[in-house]
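Using the sequences and the hints, build the whole thing.
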Amino acid sequence: MASGMYSLEQISTEQNFALATLCKQKDCLQQWLKYLNVKSIHMPEEVAKYKKRIADINNAIKILENEFEAQPSSDSENNLRRSRKIKTTPDTKNDTKISSSTKSFTSAKVAALAS
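Residue numbering for the sequence shown follows numbering that gives the first Met the number 0, starting at 0 and increasing by one per position.
Hints were generated in silico from the structure; no laboratory data involved. A quick note: this is a predicted structure, and the numbers were derived from the prediction, not measured. The reader is advised that the hints may include incorrect statements.
[Stated by the list, open to error] Below are the SDA-like pairs computed for lysine to any residue, each with C-alpha atoms no more than 20 Å apart in a straight line:
id : residue 1 : residue 2
1  : Lys-23    : Lys-48
2  : Lys-61    : Lys-33
3  : Lys-50    : Lys-61
4  : Lys-25    : Asn-58
5  : Lys-25    : Lys-61
6  : Lys-50    : Glu-66
7  : Lys-23    : Pro-43
8  : Lys-33    : Ile-53
[Said to hold, decoys possible] For each label pair, taking beta carbons as the anchor points, the in silico distance ranges come out as:
id : residue 1 : residue 2 : range
9  : His-41    : Asn-15    : 35 to 41 Å
10 : Lys-51    : Phe-16    : 22 to 28 Å
11 : Glu-66    : Glu-44    : 30 to 36 Å
12 : Asn-65    : Asn-36    : 28 to 34 Å
13 : Lys-23    : Lys-51    : 31 to 37 Å
14 : Glu-44    : Glu-13    : 32 to 38 Å
For each residue, glycine too, the CB sits at the ideal point set by N, CA and C.
What follows is the structure, encoded as structure tokens:
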């Protein structure tokens, strides 16, 4: 693979990381809701806020899963790579390193989807 590019497999790794992050956030929120129920704390506004946040995260997870499923098969990977070259800064140590701008874009996208 040429320096400054990465494969669809690496892109899917980035999506898997985003998906795992969303799932972790969802689990934390669900644990907090369980805590509120066990302690019999009556905070309807807080409970509604957490439930809405969980629903938003579920929607973001569905969007990421749909994007993952929509990725082309490995047969068309070379054509896609030619038409959609994603450039990173040259790195002689590790050609698979994802650029910070790509990471920040993905982080921003995940944050936007989850909020």
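Exercise. Is it true that the CA of Lys-33 sits at most 20 Å from the CA of Ile-53?
Worked result: holds (13 Å)
For this session: Mind checking the hinted window 28 to 34 Å against the Cβ distance between Asn-65 and Asn-36?
Result: Once the Cβ atoms are compared, 32 Å apart, the range 28 to 34 Å for Asn-36 and Asn-65 holds.
Problem set entry | Assessment of proposed distance window 35 to 41 Å (beta carbons of His-41, Asn-15) | Between His-41 and Asn-15, where Cβ atoms are some 39 Å apart, the hint holds.
Problem set entry | Distance restraint between Lys-23 and Pro-43, which requires alpha-carbon spacing of 20 Å or less | This hinted pair is violated, its Cα atoms lying about 23 Å apart.
Exercise. Holds or violated: are the alpha carbons of Lys-61 and Lys-33 at most 20 Å from each other?
Worked result: violated (24 Å)
Exercise. Taking only the CA atoms, is the gap from Lys-23 to Lys-48 under or equal to 20 Å?
Worked result: Between Lys-23 and Lys-48 the Cα gap is close to 17 Å, so the pair holds against 20 Å.
Exercise. Are the Cα positions of Lys-25 and Asn-58 separated by 20 Å at most?
Worked result: holds (11 Å)
Problem set entry | Cβ distance range 32 to 38 Å for Glu-44 and Glu-13, holds or violated | holds (36 Å)
For this session: Take a quick look at whether Lys-50 and Glu-66 sit within 20 Å of each other, Cα to Cα.
Result: violated (25 Å)
Problem set entry | Restraint status (C-alpha distance of Lys-25 to Lys-61 at most 20 Å) | The hint holds at about 13 Å.
Problem set entry | Lys-23 versus Lys-51 beta-carbon gap, inside 31 to 37 Å or not | Roughly 18 Å apart at Cβ, these two residues miss the hinted range, so it is violated.
Problem set entry | Pairwise beta carbon distance, Lys-51 to Phe-16, judged against the given window 22 to 28 Å | holds (25 Å)
Violation of the numbered hints given earlier is confined to hints 2, 6, 7 and 13; the remaining hints are satisfied by the structure.
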